[in-house]
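In this note's numbering, the protein residues as written are 344 to 569.
One should not assume that every hint holds.
What the hints assert, rightly or not - Simulated pairs of lysine-lysine, DSSO-like, Cα-Cα distance not exceeding 30 angstroms: (1) Lys407 / Lys368; (2) Lys524 / Lys500; (3) Lys414 / Lys380; (4) Lys411 / Lys371; (5) Lys368 / Lys395; (6) Lys407 / Lys371; (7) Lys509 / Lys472; (8) Lys414 / Lys368; (9) Lys395 / Lys414.
Said to hold, decoys possible - Per label pair, the in silico range of CB-to-CB distance: (10) Ser487 / Asp446: 17 to 23 angstroms; (11) Leu353 / Gly400: 20 to 26 angstroms; (12) His361 / Ile517: 43 to 49 angstroms; (13) Lys500 / Thr356: 37 to 43 angstroms; (14) Arg364 / Glu441: 33 to 39 angstroms; (15) Asp410 / His361: 29 to 35 angstroms; (16) Ala489 / Asp410: 24 to 30 angstroms; (17) Ala460 / Lys411: 57 to 63 angstroms.
Because the hints were derived from the structure by calculation, they are not lab data. Virtual Cβ for every residue (Gly too), placed ideally from N, Cα, C.
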Amino acid sequence: MADAVILTALDRTEHGTHNARRLRKNGKIPAVLYGHKEATIPLSLSRDELYKAVRHGVRLVDVKQGDKLEKALIRDVQWDPLGHDILHVDFTRVSMDERIQVDVRVELRGTAPGVTAGGVLNQPLHNLKVECLAIAIPQSIRVSVAELQLEQAIQVKALTLPEGVKVLNDPEAIIVQCVPKIIEEVAPAPGAAVAPVAESAEPELIGRKKPEEAEEEPAAEKEKKK
Numbered sequence: 344m345a346d347a348v349i350l351t352a353l354d355r356t357e358h359g360t361h362n363a364r365r366l367r368k369n370g371k372i373p374a375v376l377y378g379h380k381e382a383t384i385p386l387s388l389s390r391d392e393l394y395k396a397v398r399h400g401v402r403l404v405d406v407k408q409g410d411k412l413e414k415a416l417i418r419d420v421q422w423d424p425l426g427h428d429i430l431h432v433d434f435t436r437v438s439m440d441e442r443i444q445v446d447v448r449v450e451l452r453g454t455a456p457g458v459t460a461g462g463v464l465n466q467p468l469h470n471l472k473v474e475c476l477a478i479a480i481p482q483s484i485r486v487s488v489a490e491l492q493l494e495q496a497i498q499v500k501a502l503t504l505p506e507g508v509k510v511l512n513d514p515e516a517i518i519v520q521c522v523p524k525i526i527e528e529v530a531p532a533p534g535a536a537v538a539p540v541a542e543s544a545e546p547e548l549i550g551r552k553k554p555e556e557a558e559e560e561p562a563a564e565k566e567k568k569k
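Starting from the given sequences, assemble the full structure and let the hints guide the process.
Written out as structure tokens, the structure reads:
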């Protein structure tokens, strides 16, 4: 197991949007720590420490508040609308021997033969909900597509999982599939030359005379018109 990541936290006594903005301006991120039937504690953390942990995909951390050290799971990270800045973080307390449920991203490995044959990969599931020990959260669930042929799929039930990890998704759910590439017709650009379309023969209408038939009018009819 990798060394625990320690995040130093301070008490946060002031609340509200204005105070949260002021914290972020000063290099701090507002957060809360809750769970295990203990009090919910408002905190603030170093933005640099938190960003480093999040960028490395860390899920389990030690939150240090004064002399107290609590093991916690990064349960929720709220980002700004552009996804650049962290606005708020929720931590939930966990125990070393506690089994928890978390979302873990799917990581595709290899090159699918079906893609080489002209297909494309379609991935309906990018994350899986798993149950495991708090100290054994996998960073990702790796799925090999090295044998995936055109019009084949890999389902949840076909996964090879780390020891002690259980996937809670539907076993029949498709994680990734190789499907034929759809070629869409592209409309010509404005002003572009358009190839002429050959004129099809005009359909014959019942009761309508052909031009040559109209010219061959019976002689008796011609006499009546005189």
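Within 33 to 39 angstroms: is that where the Cβ-Cβ distance between Arg364 and Glu441 falls? 35 angstroms, holds
Within 30 angstroms, alpha carbon to alpha carbon, are Lys407 and Lys368? 22 angstroms, holds
Is Lys395 within 30 angstroms of Lys414, Cα to Cα? At roughly 18 angstroms apart (the allowed maximum being 30 angstroms), Lys414 and Lys395 satisfy the hint.
Distance restraint evaluation - Ala460, Lys411, Cβ atoms, bounds 57 to 63 angstroms: 58 angstroms, holds
A range of 20 to 26 angstroms was offered for this pair. Does it hold for the Cβ distance of Leu353 and Gly400? This hint holds: roughly 25 angstroms between Cβ atoms.
Do Ser487 and Asp446 keep their Cβ atoms within the hinted range of 17 to 23 angstroms? 21 angstroms Cβ-Cβ, so the 17 to 23 angstroms window holds.
Range hint 37 to 43 angstroms: satisfied by the CB atoms of Lys500 and Thr356? Taking Cβ atoms as reference, Lys500 and Thr356 lie about 50 angstroms apart, which means the hint is violated.
Hinted pair, alpha-carbon criterion (30 angstroms max): Lys414, Lys380. Please report holds or violated. Holds. Lys414 to Lys380 sits at ~15 angstroms (cutoff 30 angstroms).
If I claimed the Cβ atoms of His361 and Ile517 lie 43 to 49 angstroms apart, would that claim hold in this structure? 47 angstroms, holds
Does Lys371 lie within 30 angstroms of Lys407 when you go C-alpha to C-alpha? 15 angstroms, holds
Taken at face value, is the distance from the CA of Lys395 to the CA of Lys368 at most 30 angstroms? Holds - the C-alpha atoms of Lys395 and Lys368 are around 18 angstroms apart, at most 30 angstroms.
Given pair status - Lys368, Lys414, alpha carbons within 30 angstroms: Given that 30 angstroms is the threshold and the Cα spacing comes to 27 angstroms, the pair holds.
This entry does not satisfy hints 13, 16, going by the numbered hints stated previously.
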